[in-house]
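Residue numbers (our numbering), protein chains in the order written: chain A, 10 to 373; chain B, 10 to 373.
One or more hints might be untrue.
Note that identical chains are pooled: a pair holds if it fits in a single copy or bridges any two copies.
Unchecked claim - Straight-line distance between alpha carbons at most 27 Å, and here's what the computed BS3-like set of lysine-lysine pairs gives:
{"id": "1", "residue 1": "K81", "residue 2": "K309"}
{"id": "2", "residue 1": "K144", "residue 2": "K315"}
{"id": "3", "residue 1": "K84", "residue 2": "K312"}
{"id": "4", "residue 1": "K237", "residue 2": "K297"}
{"id": "5", "residue 1": "K144", "residue 2": "K130"}
{"id": "6", "residue 1": "K82", "residue 2": "K339"}
{"id": "7", "residue 1": "K82", "residue 2": "K309"}
{"id": "8", "residue 1": "K58", "residue 2": "K341"}
{"id": "9", "residue 1": "K268", "residue 2": "K339"}
{"id": "10", "residue 1": "K144", "residue 2": "K82"}
{"id": "11", "residue 1": "K179", "residue 2": "K206"}
{"id": "12", "residue 1": "K58", "residue 2": "K315"}
These are calculated hints, taken from the structure and not from any lab test.
A quick note: this is a predicted structure, and the numbers were derived from the prediction, not measured.
Now for the letters of each chain:
Number of protein chains: 2
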Amino acid sequence: MFKIEYKSKISRARIGRLKLPSGEVETPLFLPIATFGNVRGLSFEEIKKIGYQMILANTYHLHLRPGTEIIKKFKSLKNFCGWNGSILTDSGGFQIFSLKNVKVFENFVEFLDEIEGKKHKLSPEKSIEIQLDFKSDILMVLDYFCGWPYKKKEIEKAVSLTTKWAQRSKIFFKEKINFKNHLRPLLFGIIQGGVYKNLREKSLKDLLEIGFDGYAIGGLGVGEGVSKMFEVIDFLVKKIPEEKPRYLMGIGLLDQILKAIKKGIDIFDCVVPTREGRHGRIFVRSQKFKYKIVNILNTKYKKDKKPIDSKCNCFVCQNFSRAFLHHLFKTKDPLGLRLASFHNLYFYFEFIEEIKRAIKKGKV
Amino acid sequence: MFKIEYKSKISRARIGRLKLPSGEVETPLFLPIATFGNVRGLSFEEIKKIGYQMILANTYHLHLRPGTEIIKKFKSLKNFCGWNGSILTDSGGFQIFSLKNVKVFENFVEFLDEIEGKKHKLSPEKSIEIQLDFKSDILMVLDYFCGWPYKKKEIEKAVSLTTKWAQRSKIFFKEKINFKNHLRPLLFGIIQGGVYKNLREKSLKDLLEIGFDGYAIGGLGVGEGVSKMFEVIDFLVKKIPEEKPRYLMGIGLLDQILKAIKKGIDIFDCVVPTREGRHGRIFVRSQKFKYKIVNILNTKYKKDKKPIDSKCNCFVCQNFSRAFLHHLFKTKDPLGLRLASFHNLYFYFEFIEEIKRAIKKGKV
Numbered sequence: 010m011f012k013i014e015y016k017s018k019i020s021r022a023r024i025g026r027l028k029l030p031s032g033e034v035e036t037p038l039f040l041p042i043a044t045f046g047n048v049r050g051l052s053f054e055e056i057k058k059i060g061y062q063m064i065l066a067n068t069y070h071l072h073l074r075p076g077t078e079i080i081k082k083f084k085s086l087k088n089f090c091g092w093n094g095s096i097l098t099d100s101g102g103f104q105i106f107s108l109k110n111v112k113v114f115e116n117f118v119e120f121l122d123e124i125e126g127k128k129h130k131l132s133p134e135k136s137i138e139i140q141l142d143f144k145s146d147i148l149m150v151l152d153y154f155c156g157w158p159y160k161k162k163e164i165e166k167a168v169s170l171t172t173k174w175a176q177r178s179k180i181f182f183k184e185k186i187n188f189k190n191h192l193r194p195l196l197f198g199i200i201q202g203g204v205y206k207n208l209r210e211k212s213l214k215d216l217l218e219i220g221f222d223g224y225a226i227g228g229l230g231v232g233e234g235v236s237k238m239f240e241v242i243d244f245l246v247k248k249i250p251e252e253k254p255r256y257l258m259g260i261g262l263l264d265q266i267l268k269a270i271k272k273g274i275d276i277f278d279c280v281v282p283t284r285e286g287r288h289g290r291i292f293v294r295s296q297k298f299k300y301k302i303v304n305i306l307n308t309k310y311k312k313d314k315k316p317i318d319s320k321c322n323c324f325v326c327q328n329f330s331r332a333f334l335h336h337l338f339k340t341k342d343p344l345g346l347r348l349a350s351f352h353n354l355y356f357y358f359e360f361i362e363e364i365k366r367a368i369k370k371g372k373v
Numbered sequence: 010m011f012k013i014e015y016k017s018k019i020s021r022a023r024i025g026r027l028k029l030p031s032g033e034v035e036t037p038l039f040l041p042i043a044t045f046g047n048v049r050g051l052s053f054e055e056i057k058k059i060g061y062q063m064i065l066a067n068t069y070h071l072h073l074r075p076g077t078e079i080i081k082k083f084k085s086l087k088n089f090c091g092w093n094g095s096i097l098t099d100s101g102g103f104q105i106f107s108l109k110n111v112k113v114f115e116n117f118v119e120f121l122d123e124i125e126g127k128k129h130k131l132s133p134e135k136s137i138e139i140q141l142d143f144k145s146d147i148l149m150v151l152d153y154f155c156g157w158p159y160k161k162k163e164i165e166k167a168v169s170l171t172t173k174w175a176q177r178s179k180i181f182f183k184e185k186i187n188f189k190n191h192l193r194p195l196l197f198g199i200i201q202g203g204v205y206k207n208l209r210e211k212s213l214k215d216l217l218e219i220g221f222d223g224y225a226i227g228g229l230g231v232g233e234g235v236s237k238m239f240e241v242i243d244f245l246v247k248k249i250p251e252e253k254p255r256y257l258m259g260i261g262l263l264d265q266i267l268k269a270i271k272k273g274i275d276i277f278d279c280v281v282p283t284r285e286g287r288h289g290r291i292f293v294r295s296q297k298f299k300y301k302i303v304n305i306l307n308t309k310y311k312k313d314k315k316p317i318d319s320k321c322n323c324f325v326c327q328n329f330s331r332a333f334l335h336h337l338f339k340t341k342d343p344l345g346l347r348l349a350s351f352h353n354l355y356f357y358f359e360f361i362e363e364i365k366r367a368i369k370k371g372k373v
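This is chain A alone, in the form it adopts within the complex:
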């Protein structure tokens, strides 16, 4: 299912291919966020045109709106939202644990939908069931993370619960999926353990015993600091079997992505390019693998005839001035956030393509 096609000679970076029910994707891979089944403001035609082959959709949000029953009527999330690439869905856990009204039990979590005020339950099995109903290409197990700041005791509990839930997820998944079908969806485990190496090691060991198609690192980028984060990544990646895809959840900024690729990470997702874009913060290249973030709302762009990034070949930089983009944001025209999100996602895509070329040339 995962084939490593090229290994860097100067770092642990690698280029691979992941075979999924919806098609093959190349790694390193960045997933744009389609929380409610769409990348806000953009059409999937545009996402595809940039070159993206896989998106991340949020199980928690979609289960509540439009609801799993409606997605089932369309046979798949892809059919419902009109995306013809691959989909990775999270388990719903991360969103649920950030709610105010959430109770964690041994076998499930109970939470209040903040919009409709209804009580919901989510178990490890239920999360897999929903993701299978969505016909996701990659499913994530329900893990438990207590949030930052944390005490070692809490993380210990989180690792233990995460292992139990991972076990149950795998059992349920095996019951539902024909493992002889080589185009089956993949199930990824999530390593917890905070900044504590012994807990991270335990979590990974537990998951390896259960056996997953890929291994994700969760609970990072939450407040522990970048150097602590990379210590954990460095420590873990060496222990995840080389032939398995490695997914660093929710990270991040492009310099962090470059560094993590060098450490051997294959898959990334992050809200940064789209969320920043929605607020008028736009990525501009400075030198190779260097960039700055420009706030287009700044008055100094009011008369600026230049494109956002004169080195960028995207639709936005070929057709629009900074002054007009500034004007669109000032007049609250949704075209503004659309163009900024498009450019940022294009920027991310190209950045990773450039890393791939550099890996092949032996420069990364």
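Model the placement of chain B on the given structure of chain A, informed by the hints.
Below, chain B alone, put in the same frame as chain A:
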């Protein structure tokens, strides 16, 4: 400048060509509204793809934001906003007279910019000057309208002021424009007079004496009722010289547009397709020249796999279900208003194309 190419044998409808600095446009013609120099949420690439050749931009809004000085730096409004078709600009009057803090003097109006709290003046000459700075293809004179409900006395005053301002606009325009240049911008006069035939007649007579490239009917669709409105249109159109383009300002719904085309109107603009689209109200064809407006937020569309309009060939109807559009509006994804606006503008364009075909076939 205006050539009538086809006249209906069963109505006063006609098909014409209007030669403008930015290119030729065919009438009957509907102008999408680009208040701040952009059709909200859409890119001009999309507006062009639908088939639109001309848009309407609002002088009042653009003069305040980004400001005429900035547009001048780009040499034209077209350059600033990246539109390569034609532009008609209004005079700014209609918006100003709907503000709370506005004082009307003999030679100018004074008003307060509600966002920045600054005092501004606009004279007939200033309005023309701004529109010339924008390099508009069609400029409208500053007219005066007191708003609905009105008394005959107020309309009498409005007609008299409108005539005076029209005179001054024409004088100023003639000073600035080389009339020997056959690719010069056009200047349209605006007929006022409320629902009073003698006042409408006087207003038109005054304007005809001054002489304009086209004649617009203003101050309709404000509360006087549809039958009164068509009485005025019917009365006026017969008196506007046949060789001049006739523009019915701010109207409207498609059945009104069809009726007005039959009466001999050539140009229309209206916020309906885009404003309704932004609120999830979408045009759906029922029978020939008949349609209904569907509210996509209605719960009954939650599971509806059908396209918005199964008879429509637009990008939205070819690619998206009602259920997904409903979901986009429910989750406040700006893609929703973008798709709905796109479909509605496509619908308007096709509707008018169909009227043109029907005129040529002798059916309208």
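Taking the hints in turn, this is what the structure says about them:
1. K81 to K309: Classified as between: cross-chain Cα gap 17 Å, same-chain 50 Å, threshold 27 Å.
2. K144 to K315: between (44 Å within a copy, 21 Å between copies)
3. K84 to K312: between (50 Å within a copy, 12 Å between copies)
4. K237 to K297: For K237 and K297, only the intra-copy Cα distance (26 Å) is at most 27 Å; the inter-copy one is 68 Å.
5. K144 to K130: So K144 and K130 pass the 27 Å test inside one copy only (21 Å; across, 62 Å).
6. K82 to K339: Between copies only: 18 Å across, 41 Å inside.
7. K82 to K309: Close across copies (15 Å), not inside one copy (51 Å); limit 27 Å.
8. K58 to K341: Answer is both; intra-copy 26 Å and inter-copy 24 Å each pass.
9. K268 to K339: neither (36 Å within a copy, 39 Å between copies)
10. K144 to K82: Classified as within: same-chain Cα gap 12 Å, cross-chain 53 Å, threshold 27 Å.
11. K179 to K206: Classified as within: same-chain Cα gap 25 Å, cross-chain 81 Å, threshold 27 Å.
12. K58 to K315: both (24 Å within a copy, 25 Å between copies)
The structure fails to meet hint 9 from the earlier list, while all remaining hints are met.
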